[in-house]
Amino acid sequence: MPKFTKTTSKKAGLPPGSIVPITDGKAAAARITVIDYDATSFEERSAQSAEECLPYKGRPSVTWINVDGIQDVTVMEGFGEHFGLHPLVLEDIVDSAQRPKMEDLGDYIFVVLKMLSLDAATGSVKSEQVALIVGADYVLSFQEVPGDVFDPIRERLRSSKGRIRDRGADYLAYALLDAIVDNYFSILEYFGEEMEGVEVGLVSAPTPEMLQTIYVLKRELLFLRKSIWPLRELVNGLLRTESPLIHERTMMYLRDIYDNAIQVMDTVETFREMLGGMRDTYISSVSNRMNEVMKVLTIIATIFIPITFIAGIYGMNFQHMPELSQPWGYFAALGVMGVIGLIMVIYFSRKGWL
Amino acid sequence: MPKFTKTTSKKAGLPPGSIVPITDGKAAAARITVIDYDATSFEERSAQSAEECLPYKGRPSVTWINVDGIQDVTVMEGFGEHFGLHPLVLEDIVDSAQRPKMEDLGDYIFVVLKMLSLDAATGSVKSEQVALIVGADYVLSFQEVPGDVFDPIRERLRSSKGRIRDRGADYLAYALLDAIVDNYFSILEYFGEEMEGVEVGLVSAPTPEMLQTIYVLKRELLFLRKSIWPLRELVNGLLRTESPLIHERTMMYLRDIYDNAIQVMDTVETFREMLGGMRDTYISSVSNRMNEVMKVLTIIATIFIPITFIAGIYGMNFQHMPELSQPWGYFAALGVMGVIGLIMVIYFSRKGWL
Amino acid sequence: MPKFTKTTSKKAGLPPGSIVPITDGKAAAARITVIDYDATSFEERSAQSAEECLPYKGRPSVTWINVDGIQDVTVMEGFGEHFGLHPLVLEDIVDSAQRPKMEDLGDYIFVVLKMLSLDAATGSVKSEQVALIVGADYVLSFQEVPGDVFDPIRERLRSSKGRIRDRGADYLAYALLDAIVDNYFSILEYFGEEMEGVEVGLVSAPTPEMLQTIYVLKRELLFLRKSIWPLRELVNGLLRTESPLIHERTMMYLRDIYDNAIQVMDTVETFREMLGGMRDTYISSVSNRMNEVMKVLTIIATIFIPITFIAGIYGMNFQHMPELSQPWGYFAALGVMGVIGLIMVIYFSRKGWL
Amino acid sequence: MPKFTKTTSKKAGLPPGSIVPITDGKAAAARITVIDYDATSFEERSAQSAEECLPYKGRPSVTWINVDGIQDVTVMEGFGEHFGLHPLVLEDIVDSAQRPKMEDLGDYIFVVLKMLSLDAATGSVKSEQVALIVGADYVLSFQEVPGDVFDPIRERLRSSKGRIRDRGADYLAYALLDAIVDNYFSILEYFGEEMEGVEVGLVSAPTPEMLQTIYVLKRELLFLRKSIWPLRELVNGLLRTESPLIHERTMMYLRDIYDNAIQVMDTVETFREMLGGMRDTYISSVSNRMNEVMKVLTIIATIFIPITFIAGIYGMNFQHMPELSQPWGYFAALGVMGVIGLIMVIYFSRKGWL
Amino acid sequence: MPKFTKTTSKKAGLPPGSIVPITDGKAAAARITVIDYDATSFEERSAQSAEECLPYKGRPSVTWINVDGIQDVTVMEGFGEHFGLHPLVLEDIVDSAQRPKMEDLGDYIFVVLKMLSLDAATGSVKSEQVALIVGADYVLSFQEVPGDVFDPIRERLRSSKGRIRDRGADYLAYALLDAIVDNYFSILEYFGEEMEGVEVGLVSAPTPEMLQTIYVLKRELLFLRKSIWPLRELVNGLLRTESPLIHERTMMYLRDIYDNAIQVMDTVETFREMLGGMRDTYISSVSNRMNEVMKVLTIIATIFIPITFIAGIYGMNFQHMPELSQPWGYFAALGVMGVIGLIMVIYFSRKGWL
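Residue numbers (my numbering), protein chains in the order written: chain A, 755 to 1108; chain B, 755 to 1108; chain C, 755 to 1108; chain D, 755 to 1108; chain E, 755 to 1108.
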């Protein structure tokens, strides 16, 4: 179960720009990896602090510095200082409850969004915040914990596959965003498969567990939507920005992300409506079965009540009950009961109640 | 049952512009047909590759190249190369999970949308992606599988019916779009007929199957809407484009498509609301019948319970029960039972419960 | 019951501008009436074809040509030819499933909308399409079947009442539109009266028929809304057009129609919400009554069950049942039953279940 | 119960600008009162016709002419003629079913809106239409019936309290609008108190009457909303008008009305949502109680059914029933019944059904 | 329980700008505190009246004057006079039912919004109105009652922590707004924890109290939303204002508040949807349990009814009942009963009703 809110209140009362990491990541030292490349050269190494990364900043090659572990205040303050990050930007980076957004700060563009992954064990969606600082020839990426969806990009950089090594920092940033958004589709596929499974079950034999699954999926989608909805605005901001940091030829690629973001939203909305439909199907299906059971049982009871009454009458101990002494009395009583039962069965089936 | 999501995840991690066909079409060789015409001449042939089509590109006549089978990577790459298609455009063409959209790329306009058809057997809507590349004097159309709604247009081209042979590539593109959108009305008509059928049944005798049909129709409409909704934006994009590829006199025709797209959307929304109303009608109808059954049965039970109790009293074996030895006892007991039953019937009908 | 969709599919595959009448009107010859007037003169006659009307077109006087019967292809093609109507406009005129809209084609303004009337017998709304062609000094009006709401306008023209004879073709078009929109209020009044009737009944004694009426009204309103909703956009189009065909002093009158259109929409929406409220009232009212019935009946049953059990005990035939031989046994048993019954009644009424 | 629609159909077919009063006000002679003031002078009198008021029009002082009784056609036509009112404006003034709106006609600004009041007896909202004509140095106000919310303004004018006597006609118009909008808050307060009353009751003991009240309040709010919603647009129109009739320094006051109008709307929407919540509370509360009753009663019945069956067995008259002749038979039977009853009670309470 | 509406009607009829405090604060004398600071100096004192504060107004240092107790008319009028507040602004400050908004009045910017706090005892949200007047070098803040969320700011001012002492009045105003908005997150956290508690309970054992809690939370959120929704517009107004009172470098900070406001709204909406989902879960969970109970109980009853009938038959006292005298009669009857019972159990479990 995703927590409903992150504890952001511990920030209350602090001056703006205070670096108070709000994350589920454990308090370990940050892991910094540096990848520096251009069309011909490629270097990959790890670093201990922002200072170590500083030399790469001036070079004409593109540098991608990835930081895992935003709770390491010392490292974060180092990046703030050496890369000239605005205090509010730094505050946003370390606050993993941040709403996805982009901001153009002149020297760099700040992008923050959610990287989603599936917890294979519980089937729930895990959300990790990724912040990007896109400069003229460098990209900083900040993550809460190690592990991300960027490995194929690292592979393409190493093997110089595609056009990524020929392009600038903006294209790298695009590639990172694209990897994150593409991954949303995997999440939706998982949801789609879950829903198909439930739907098949609903037709054959609805169980309360299915309803539970429907509610869980619905809530997961609600969280998903909250993460994805601002994405459209974010990419739109990148498309409309007049920052020289983003080249004209990258725009077409950003438009592609925009299309994908809209498609993700569309699918989320469709899924939500379908889950609503499934819930209705479940409820009316269960109610149908219940009605059927109750109706048949009630009818059985109703048929026996009047004939049991007749048996009760001849079970009375009055001394003067003429029928009792007749030899045909017992059989007549049985006959009357049979006739009454038959009449009721006929009446009920005529009414369409059987 | 339409699949909930197409497996787009196999693309995750690949560089943008990778040609990974995502389609339900079988992996067969693509079928290419070329139609080249102007007001006076007409030629129709088939081709094996994009190279074969290349000579038609330079001619002043209009060329329509139709490709069935986007999963044929070799052919698709050929078109990408020889017709100068942007890698992202090519990627979108072969990804049949694409959201309908249009893009103006200067040399050509890229349009992708859904062609719908009814699966006569199951009554479900089949959706096939159609991509159009509209150039100065050629139109490329890419489909997933053979079979489309364009035969009347081919016929008009062959027989030079209407004004189609006198106009340019933009008019041909319009004609193709128009054929696709016109076909949506057939789908809606089918839905309308299904709904009329259900509605008639709901009034006479509602069955759970009708509710099932309502839910299925509702879900089909949901998918339909997802395919159709972006259409409006698409046509609007064509109307507002300042591309010289679309002539002024074609605008009026595009406006007509726009009107049709809005009307399709309106009808889909109305159908959705009507299905909601039908569902309500079904539920309250079933609940009405159920209530009536339960009420009558419960009343029968309630009437017999007190008089059965009286029979029980005189069935007790106490030695000293004065009434038992009276000659009138039995008849008095029957009378009392009758009176009590009568009083209850009168009371219940006064209360309006019968 | 209004049909859900008109059969527009028979047009599929035809070239645009094909004149394929889609109407419920019978295939009879069209009836053409011509009214020609200015401040001083007035002429009214009938005609057989568009050619006959042609001489009126050039005159400085205003000419109103009304055509009943759009299924008469010959006549319609005549008007298309002689009044220079665009093929798509002509196609729209004869397609009675057209969405209300206006188009400014330079030489004339094309307006198409729905004229509604009540079928007195069934209480359902009948919808007839009216198309107007507003030229410099003429107005063409096309209707599906004879019979319309324009008689008061004809009367005003004949008797020169109001300012209609002093104004141009645009004012005539306004008068026609105004007559159609004013008539919507009559429809809404009818709905309002129906709803008042149902509401009064809901308070006194709800019946399933009332629920049925509510659903029927709701669906009728849905159709009404579909016809009226685009009206606002239509009139707005007329208000914003810069066509010299509409004079400045007519604008104030069009604004009045705009206000009316909004008021009609408001009322439709309010009615829809009120019908929703009535449905809720009905359901909770029925459920209340049902609950009350079931509760009382169940309580009666529950009171008798334990005391019937006691009677059952003393109906057992064991040889050694000490109570049976006591002279006070019978009365004690009756007393115990009475006490138990009383306790239960008291308990139930304390619990507030009675 | 407010009538659903006013009978506006009697206007159908009349030329635009026809003065056909549509009002619930009785057909009596109009009552005209004239207040003429500037910073130093003040005159208050009544008049019989528009002609009598005419002399005040030219004076530099501000004149407020109030007319009660729009059904007096003669008087209304007099105002139309002598104050140069456009026929459509006059038609709107006498049609009390008018939607609130403002129109700038150059010489004067026309404002029409609803003045609401509570019918103390029935607790329903009465709506009266007020039309204002704001000229350079005069304000005409037209009401349906005598009695309004303007008395405090008259008092302030007489006693020269506040700044009203120092300002022009636009400030007077503002004061009138402000009085009307302020009064909406009283209506909402009444609704709020009703709702608090119901809510307290819902917690302690829900009754069907409360549900009825909820529905009535909901419907009243629906009507309220229909009257208030267009107000925002109306005041916005006044704020954006460039008419010299409204002075810059009055704008701040109009903005205040705008804020109030939004606040009224907010409260109406919040109330609507709260009533929805109350309805849900009522329904689940009733359903809870019902379930509890049914469960307990059903359980009682279920416990007695098997033990009554045992009594039935030993009530059978077979000659050979070994248990019957045992001296311990009766007590054993009672014991068995007791044990069975106990087991069922334990089972049910273990299951949590008791 | 928050009151539904504040009694604003006592203002009705008064001239605009009347100072009629509408607040829940007790009628005590206002408490005025003055903080005057620049980068080097700091002074903190209390005052009795607006006159006492006047000397600080002219100084180059920044002055923050906080007033607790808007019901003190004398003090409020003093501020109105000495700080040149517009009568309508003053009226808005003392009316605690004001909708959050900002207004740029040239000499100063007027901001009014809600400061929320949790009543620890009842768990309900308390709302207090805060009004800010932001001048060139002073900020006035007006509160209803003593006690606020500004203590950390006072501390930062005293200890010169952060950059607050180096900045102007606009930064101080930002800090106050930021403190208020940050506090909203604490409220939401409290709601989130309440909801998690309910959700855990819903899965294990749903109780009517949980439903009650859901409804209460839902209503609290409704009030919260009403307070927060206008905030976005308010901050947007500050961002778009061209007033020289707000420096360019403060804009970035205001944008941060804007982001926070949107995030608060997002969370409120998500919470509302989740509460809706919880309500559905509760209802279907209760209905599930109820159905199960009723089904099992009804089945028990149904099984015993036919076999009790058989016992009834052999309890009849007819003289000629052949079975009665058979030695195997009793056991045969018991056997038949057992078989019938068994058959029904098998039948019911085959049907899946058990």
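It cannot be assumed that every hint is accurate.
Claimed, not checked - Derived pair list, reagent style SDA-like, types lysine to any residue, alpha-carbon separation capped at 25 Å:
1. B:Lys1049 - B:Pro960
2. C:Lys1049 - B:Pro960
3. B:Lys1105 - C:Met1044
4. A:Lys1105 - C:Ser803
Hints in this document: simulated from the structure, not taken from any laboratory.
Note that this is a predicted model, so its numbers are computed, not measured.
Practice problem: Could you work out which earlier hints the structure fails to respect and list their numbers in ascending sequence? | Solution: 2, 4
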